Amino acid sequence: MRPFSYTQSPDVTTAVQEVSAQGAKFIAGGTNLLDLMKIDVMSPSHLVDITQLALNTIEETPDGGLRLGALAKNADTAYHELVQTRYPLLAHAILAGATAQLRNMATDGGNLLQRTRCYYFYDTHTPCNKREPGSGCSAIKGYNRDLAILGTSEHCIATHPSDMCVALAALEATVHVKSSQGERAIPFAEFHRLPGDTPHLDTNLHPTEIITAIELPAKGFAQHYAYLKLRDRASYAFALVSVAAALELEGDTVKEARIALGGVAHKPWRVPEAEALLQGKPASKENFRAVAEAYLAGAKGYGDNTFKIELAKRAIVRALEQAISMEGKS
Amino acid sequence: MKENYTGAPANRVDGRAKVTGEAKYTAEFDIPEVAYGVVVNSSIAKGKIKRIDTSAALALPGVLQVFTHENRPGYTWLDSHYQDEDSPPGSPFRPLYSKEIMFSMQPIALVVAETFELARYAALLVQVDYEMQPHETDFKANLKDAYRPKKYKSTKPPEPRGDAEGAYDQAALKLKETYIHPPQHHNPMEMHAAIAKWDEDGKLTVYDKIQGVQNSQKYLSNAFGLKPDDVHVISPFVGGAFGSGLRPQYQLFLAVLAARELKRAVKVVLTRQQMFSFGHRPNTLQEISIGASTEGKLESVQHHAYGETSRFEDYHEDVVIWPGVLYHCDNMKVSHQLVGLDVYTPLDMRAPGGSTGIFALEIAIDEMAYKTGIDPLEFRLRNYTTTDQSKGLPHSSKELKECYRQGAERFGWDKRSMAPRSMKEGNQLIGWGMAHGAWEAKQQEASAKVVLSPEGKLTVSSATADIGTGTYTVMSQIAAETMGLPLENVTFLLGDSTLPKSPLEGGSWTVASVGSAVKLVCQKLQEDLLKLAQKMENSPFKDAQPEEVSFANGQMFLTQAPASSISLLALLQQNEGKPVEAEATQKPEKEQKKYSSYSHSATFVEVQVDEDLGTIKVTRVVSAIAAGRIINPKTGRSQILGGTVWGIGFALQEHTVMDNHLGRFMNHDLDKYHLPVNADTPATDIIFVEEKDEVVNPLGVKGLGEIGIVSVTPAIANAVFHATGKRIRELPITLDKLL
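First to last, the protein sequences are chains Z and X. Take the first sequence: its letter number 174 is residue 174 in UniProt numbering, and every next letter is one higher. Take the second sequence: its letter number 578 is residue 578 in UniProt numbering, and every next letter is one higher.
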């Protein structure tokens, strides 16, 4: 770990000023950044502690949505009454991630900004375009069981590791950000990037911007939802494939379907055109499978991870079935 | 008082110290003026260091030195001086010996600084240029170059019996399959650590994470040219080891080297990532051929293993002895070859060879049972052996049939339907599988000392280790029972090289070896106490022989006339206020050589497999264990529970991933190297089957450290087959293999 300086910001205005210094980064829960600093994958020269900013509330919005302060803890969010009742998909997704201890520390804003868990990204002795642009991708020809099958590039096949973000993508949340230049709102689908030829950039957040809140629209799909996470052990493992499924039904007919995939791409993966295939159709296994096929069209396996293509299709079908039956949910 | 003696579930005598933090592990010893060492490891697997630039690191104020092959002092570099009690044949790794790189993550420098943080930072500033050479780390691709070692580290594979090939050709039913398991790393909770401190008189004091302090003592005295008495190694608590502490690891050598050069105490603690930079359970491929009659009688078994090793040592473990130990078959042929790769030498890991060989053999047997259409448990009964054919000796005791009976009954095995995929619930396929296993019950020579204070407190000691197994507790129980003292009056000391000689804590032999020595030394103490009693006036013990007296409730008495008694406290007053001491060495009895001694297990497992998604959940485990006398069923149960959890990880999760392009293990932390979490571990039912053995050792114990794991892995694999109809022969069994 390299030496760094540290300040604690009293307010958002100060924080965005301080972070504009060369080599500065925000720190909140620190559940990912500190790990990466210890192994020299990230080495900010200055840390701006934002834990004292007044951004930790969860409030209803005038249009019936919910505003999650960027510093609300993952655990507090998942167990918040309004999240549990109106956005249970989000609660389930958060609780499928990490461990109780990590969720107690991690913030909602930080969850969006966590880095990939690609083995090579984590080992500074190996080439990695995300860590060191231009050094090459070790994973494409190396061990890639956990890595992406959709939206990859010849430079990077990393996945975004979050569970929470998969639900936020399905729920079409909005990310509110602020800098000294002002504020802007980023639709969730545009927040994370695909690797392309800039795999070192995970998101479209500018380095001098701070996330202030994540806003959920009024529609929470609390009647029919499922978060299905498939992984190599029952807890404390990142998804091989995860599916956030949300349905609005009229009898047996699908009025609206939302599907987002985790563990398969550099960002939570949505294909609105494929979702639309279900619109007005009976909620049947055949129709679900047709959507799944459309979702995975264009998927590319790299050897160890090729199984994810079929697994993701089956996971979509199962998640939609679970969303219909709501088995085991109160 | 009696409830704490042997056979009773005594609480750990060190439990309070552990939960309050009073128990000190190696890195926790507070040594004044200690400097901190951080290791730099190589990026490449094979080649040479062209240039190593330490100037930026040394330029930082507070950095004391950076040790590399260029400036290391010229101590003895004769490689035999680096051998230790667990070294395989070959040339041991010598840290900082030369510019040559022999494996990825090889330690190439030690940065020592005033603080840990500074040393860690300076380690990042060490610049290394390599001359790369092509490496070979691909196990399967190098099988063609497998060789038979000149010397076998463990048991030489047994000679062929009968005509295995001919019998196979003529057998009505044949099976020939290949079984593979990946490299696995030990990953105890406590990372390896050492603190070295040289005294002004040239004596060395070392705190080390090790499974045998006297092994470190011998290693250091050889490597640094010291008299053994000048090396004092201390290791009172070990936070798990599983074999990783059988050999002194490089942090020990580096700490001692740095402390000597810098003339101050140096502490070196490895990181979790660096726990992947030395020994591991080797990647192993096994070819098994079985011929059987339609009635399920084994006609031929051939078991050929190929295990990974390094370029510099021939690591070998007992993978192929198991067919001869576990089954009756007159035509057997086995072999074990090694595949040399550019990796660090593999290292014994919990049930080395046993968990490897039995995993493959027990799946193969299940496969053959299915070919015959005979229930897998019945198939094993039809091929039961009362002798160990690999050695041609009878078993000193073997209650495996009772393990089958009690385990099957508890599990409800008789309700199983034979056909795969026949026990479905919704989209969950239910599978029931079983396997059995064995582990050799060995006894090594060990010594112990006992001191009975004038206050009646008993201190027993031996230089063994407690790697979490319960050594402190069990030894205290044995001594308390033998001397008839309350458990709280007994203190057991271990983990100090000045104590009486003890073997490494490994091989499940500690209670058999050290426990027997503790019993013997207590008996010797009894004789000394009897002599004291005989010196008293009008002593009722005047003509008593040692075997005629008993000890209980703090009293010595004539067994036939309990009223003739004397309290130990009164006796001790006869010794003029001095303690009474005794020392003894217990060697294995010759009688043992006429028998083969093993502990046995039978494990029954239920799994649920999602028929679409391939996710596997172990929902029930019953393990029945026959391991002689159980000294402490509570700590013993913990051993078997730990083995069960390990078996689940072994079957479903554990796998160190080698990137053959880089020649490097890539999943080197506990986020990426998976071990079971609580949610992966089901309710586990453990049965200790009664087994009497008067030959195996004076205590009649067989050891519990390893028998708990061996049959769990194949039982899970067999249950997965029963659930899905898919036979997975390469571990770990992950969901993608079942899609």
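Do not rely on the hints blindly, as some may be mistaken.
Below are the BS3-like pairs computed for lysine-lysine, each with C-alpha atoms no more than 27 Å apart in a straight line [said to hold, decoys possible]: (1) K617(X) with K285(Z); (2) K524(X) with K501(X); (3) K424(X) with K726(X); (4) K25(Z) with K672(X); (5) K300(Z) with K593(X); (6) K457(X) with K174(X); (7) K156(X) with K38(Z); (8) K535(X) with K285(Z); (9) K692(X) with K593(X); (10) K401(X) with K415(X); (11) K141(Z) with K178(Z); (12) K144(X) with K141(Z); (13) K415(X) with K141(Z); (14) K634(X) with K401(X); (15) K449(X) with K401(X); (16) K329(Z) with K501(X); (17) K371(X) with K99(X); (18) K737(X) with K285(Z); (19) K424(X) with K524(X); (20) K141(Z) with K594(X); (21) K457(X) with K535(X); (22) K424(X) with K329(Z); (23) K141(Z) with K672(X); (24) K174(X) with K24(X); (25) K140(X) with K726(X); (26) K692(X) with K300(Z); (27) K501(X) with K401(X); (28) K38(Z) with K672(X); (29) K285(Z) with K501(X); (30) K578(X) with K590(X); (31) K415(X) with K501(X); (32) K141(Z) with K140(X).
Part of the chain X face toward chain Z, derived, beta carbon under 7 Å [stated by the list, open to error]: (33) Q65; (34) L124; (35) D199.
Read the hints as simulated data drawn from the structure, not as lab findings. Nothing here was measured: the structure is a model prediction, and the numbers come from that model. In this text, a Cβ means the ideal position worked out from N, Cα and C, and glycines have one as well.
Mind listing which of the numbered hints don't hold for this structure, in increasing order?
-> 5, 6, 7, 8, 11, 13, 15, 16, 17, 19, 20, 24, 26, 27, 29, 30, 31, 33 and 35
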